[in-house]
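J.: The numbers in the UniProt record's numbering rise by one with no breaks, and the one at position 33 of the sequence shown is 33.
Just so you know, the hints here were simulated from the structure itself, not pulled from any lab data. Quick caveat: nothing in here was measured; it's all calculated off a predicted structure. All C-beta atoms, glycine included, are put in the ideal place defined by N, C-alpha and C. Keep in mind that a hint or two might mislead.
Claimed, not checked - The list that follows gives simulated cross-link-like pairs (lysine-lysine, DSS-like), each with its CA atoms no further than 25 Å apart:
hint, residue 1, residue 2
1, K37, K76
2, K40, K26
3, K50, K76
4, K50, K26
5, K32, K76
Stated by the list, open to error - Label pairs and their calculated CB-CB ranges:
hint, residue 1, residue 2, range
6, S20, N71, 13 to 23 Å
7, K37, E64, 31 to 41 Å
8, A53, S90, 36 to 46 Å
9, T92, R63, 40 to 50 Å
10, D67, T92, 40 to 50 Å
11, R63, S103, 31 to 41 Å
12, T92, D49, 27 to 37 Å
13, E70, I23, 26 to 36 Å
14, S90, R56, 17 to 27 Å
15, R55, S19, 19 to 29 Å
16, M79, S35, 35 to 45 Å
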Amino acid sequence: MGILDIVKDEMPAKDFENSSIIIVPKPGFCVKLKSKKNEKVFVNICISDKVPAPRRITEDELREILDDIENSPPFKVPMCIGEPHAEVDSGTANQLQFIEIRSIY
Numbered sequence: 001m002g003i004l005d006i007v008k009d010e011m012p013a014k015d016f017e018n019s020s021i022i023i024v025p026k027p028g029f030c031v032k033l034k035s036k037k038n039e040k041v042f043v044n045i046c047i048s049d050k051v052p053a054p055r056r057i058t059e060d061e062l063r064e065i066l067d068d069i070e071n072s073p074p075f076k077v078p079m080c081i082g083e084p085h086a087e088v089d090s091g092t093a094n095q096l097q098f099i100e101i102r103s104i105y
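Taking the hints into account, I'd like the entire structure generated from these sequences.
T.: Here it is, written out as structure tokens:
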């Protein structure tokens, strides 16, 4: 039994069907990284207006957070992170990860 089966069992059918939305993100940019095993990892940063925006702060508040990261209150950027999966690049399977964020802050 997977996690979705457990959730379906705990939620009334009507609530489960209405509890999710389909996000079709717009392309943003791709970051190519290396894993600890020196394998390529691609992270596609996409944008969608379905992802909630972070709380609004002023430039001064942002500066304060960045100047004193250790003691500042946390600032969270909501995002939707997809499951990592393999993609072939130059004949080699590499990990691909999609992350969706809101484009306007």
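J.: Run every hint past the structure and note whether it holds.
T.: Status of each hint after checking the structure:
1. Straight-line distance between C-alpha atoms of K37 and K76 comes to about 29 Å, which puts the hinted pair past the 25 Å bound.
2. Between K40 and K26 the alpha-carbon distance is near 23 Å, which keeps this suggested pair within the 25 Å criterion.
3. Between K50 and K76 the CA atoms are separated by roughly 17 Å; this keeps the pair inside 25 Å, and the hint holds.
4. Restraint check for K50 and K26: satisfied, since their Cα atoms lie roughly 11 Å apart, inside the 25 Å limit.
5. Only pairs whose Cα atoms come within 25 Å are accepted, and K32 paired with K76 is accepted, the gap being roughly 23 Å.
6. The hint said 13 to 23 Å for the Cβ distance between S20 and N71, and at roughly 38 Å that hint is violated.
7. Taking the beta carbon of each, K37 and E64 are about 38 Å apart, inside 31 to 41 Å as hinted.
8. In this structure, A53 and S90 meet the distance hint of 36 to 46 Å, their C-beta atoms being roughly 37 Å apart.
9. T92 and R63 have their C-beta atoms about 42 Å apart, which keeps the hinted 40 to 50 Å range intact.
10. At roughly 42 Å, the beta-carbon separation of D67 and T92 lies within the given 40 to 50 Å, and the hint holds.
11. At about 22 Å, the CB distance of R63 to S103 disagrees with the hint of 31 to 41 Å.
12. The beta-carbon spacing between T92 and D49, approximately 35 Å, falls within the hinted interval of 27 to 37 Å.
13. Here the CB-CB span from E70 to I23 is close to 34 Å, well matched to the stated 26 to 36 Å.
14. Checked against the hint of 17 to 27 Å, the pair S90 and R56 fails, with Cβ atoms roughly 43 Å apart.
15. Between R55 and S19 the beta carbons are some 24 Å apart, a value that agrees with the proposed interval 19 to 29 Å.
16. The supplied range of 35 to 45 Å is broken by M79 and S35, whose beta-carbon atoms lie about 20 Å from each other.
In this structure, the earlier hints numbered 1, 6, 11, 14, 16 are contradicted, and the remaining ones agree with it.
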